[in-house]
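Novice: Read top to bottom, the protein sequences are chains G and C.
FYI, in our numbering the residues of the first sequence are 36 to 288.
FYI, in our numbering the residues of the second sequence are 1412 to 1683.
No lab work stands behind these hints, which were simulated from the structure alone.
Note that the structure is predicted; figures quoted are calculated from it, not measured.
Ideal placement from N, C-alpha and C gives every residue a C-beta, glycine not left out.
Heads up, some of the hints might be wrong.
As the list claims (entries may be wrong) - Calculated lysine-lysine pairs in the PhoX-like style (CA-CA distance at most 20 Å, straight line):
id: 1; chain 1: C; residue 1: Lys1499; chain 2: G; residue 2: Lys241
id: 2; chain 1: G; residue 1: Lys241; chain 2: C; residue 2: Lys1623
id: 3; chain 1: G; residue 1: Lys185; chain 2: G; residue 2: Lys216
id: 4; chain 1: G; residue 1: Lys157; chain 2: G; residue 2: Lys216
id: 5; chain 1: G; residue 1: Lys288; chain 2: C; residue 2: Lys1499
id: 6; chain 1: C; residue 1: Lys1499; chain 2: C; residue 2: Lys1512
id: 7; chain 1: C; residue 1: Lys1499; chain 2: C; residue 2: Lys1588
What the hints assert, rightly or not - Far from chain C by the CB rule (all over 12 Å, computed), these chain G residues:
id: 8; residue: Ser84
id: 9; residue: Gly119
id: 10; residue: Ile135
id: 11; residue: Ala175
id: 12; residue: Ala181
id: 13; residue: Thr201
id: 14; residue: Ala211
id: 15; residue: Ile224
id: 16; residue: Thr244
id: 17; residue: Asp250
id: 18; residue: Asp278
id: 19; residue: Lys288
Unchecked claim - Only part of the chain G face toward chain C is listed, based on derived beta-carbon distances under 7 Å:
id: 20; residue: Val128
id: 21; residue: Ala219
id: 22; residue: Val254
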Amino acid sequence: MKLLSISHTPAKPLLAALLGPILCSGCHTTVVQQRQAELAVLDTAAAASSSTLDAFRSNSLPPDYDLHLYIAYAPLNKALGALGAYQFPVPGVDGATAHIRALRLTSFGTLPSASVSASVEKGDLKADVGIQVVLVPELAPDRQPALRFKVLAFTPVVSWNGLEFTKSEFVHALLAVEVNKLTARLPLIVLPVSQQLSLGGPALQKDETISTGRDSTLVLRVTVPSTAQQQQIRILNHVFMPDGLHLFAGVAK
Amino acid sequence: MSVRAAAAIGIIGLLSGGCTAIAVSDLDRRIAERKAEIRQLTTDVLAAAPPAFRTTRDVEIELRYRPLQAWLSSVSSPPLVIAADGVKAAGDVVYQGGVGKAWLEPAHDTRVRLAIRDLVLTPQAGALMWTASAQANAETRVRTYIFNVGSNVHCSGALPTVQPRGSFSVGQVQAMKLPYTMRFSIPGELQVSVRCGLGQLGSFGLGFPIGKIADSVSTGSIDLGIETAARIQLPAEAGGRLYVFRFSAQDAVVSMTDRALAVETNVGVAVE
């Protein structure tokens, strides 16, 4: 993980210059918080992967289904790649703005995740942030299936020394940001999955000419009734694999 | 700040820095262990995955035949009735010099009805077939002019119940749907006939070829459960913009097994 120091000019540059060599050994970083956040996601990933493995070995997957849809992360990443950068105010940190430069779906084992390239800015203070994210499916029966980025950790990648009080305050404010509020500020991916299955076709009409003997003919207007019907797709189960999402659905009128 | 205070800060810094380094080192070791564990689990998961989870394309769809069978049962109960009604008749159907002639009039009195019931899928590897039960009847009106006397006669006929068979002819994936035509294959030359007694003109028979009238039972499309667009919605705090991405099938492969219709395809993604 890239470690950047904040580009803020210290309030007391002369003092800092004099004491820097001494205080350097007392530099503070968020490395521990970053590692803890990373480890927490990996712990979750190991549990999720074990669970998937157990399900496979016990033959409890796949469920009985009518429709199986698999969508790889690759096309969704093509879409995310075209999203461009965007920004939003950091909740709870006055004047701070988060910049999301890129989002990309990925996976730790079978745990769906995302790599997020992001930074936070407040006045002259600017820092990259590590955002640990997992994907959570939203499978409400009355809405198209969607994937939401759930933020598990939000850690500025910062180092500062004991005299950089403004930075210190900034970092602690960022570390205190409520991650569920950040979740609501990341995009929602609405999957290209139908809620209904349309089958059949419209009524047809055509004219056919038949011979009726000698030189005579008869034109018949043939009417084929509509066979169109819609059935409802109901998602029964979802399974994340390292390269994409499987949805298993029942289909009924 | 006295020299003593600065030294104290330095020592505290050194000590806390040392503690941090130990903590980071421990976390790095645990992270490495977890990553190795996850790599092994991933290998195991892929090895244990049932066939449904072994994928190679961007989008893979398996539609089992239950919904298709439910649809066919529904559209053929009550029976699916294909109607053919005369709209224009031309020429004499019978002509005997010195006796008279006969022709169909009015054209709309000619009616053919084919009632199809009990549509049942009979899937096979590589093909999707169907069977049904069908009945047909026909009627027509023949106007005669015999020895300068005009008359007309109504004639009808029926086909006893037959068991037609046919196949689904499927095309290439279009807009994430599979176009199809349900065609009759057997019996191909089936006819429903009417026979009319025309007095001095003798007997007149007319056969309506079912295969020509009803060359397809149904033409339409089968949804694959996938739409042509994905959407990405930014939250209101970030502007709320909605991005729409058009998905298009590329190099789609359609296959039929004895229990499901399957489509595997890569997809192109375009910003709308």
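Novice: Provide an ascending list of the numbers of those earlier hints which the structure does not satisfy.
Specialist: Checked against the structure, the hints that fail are numbers 5, 7, 8, 9, 10, 12, 15, 16, 17, 18, 19 and 20, while the rest are satisfied.
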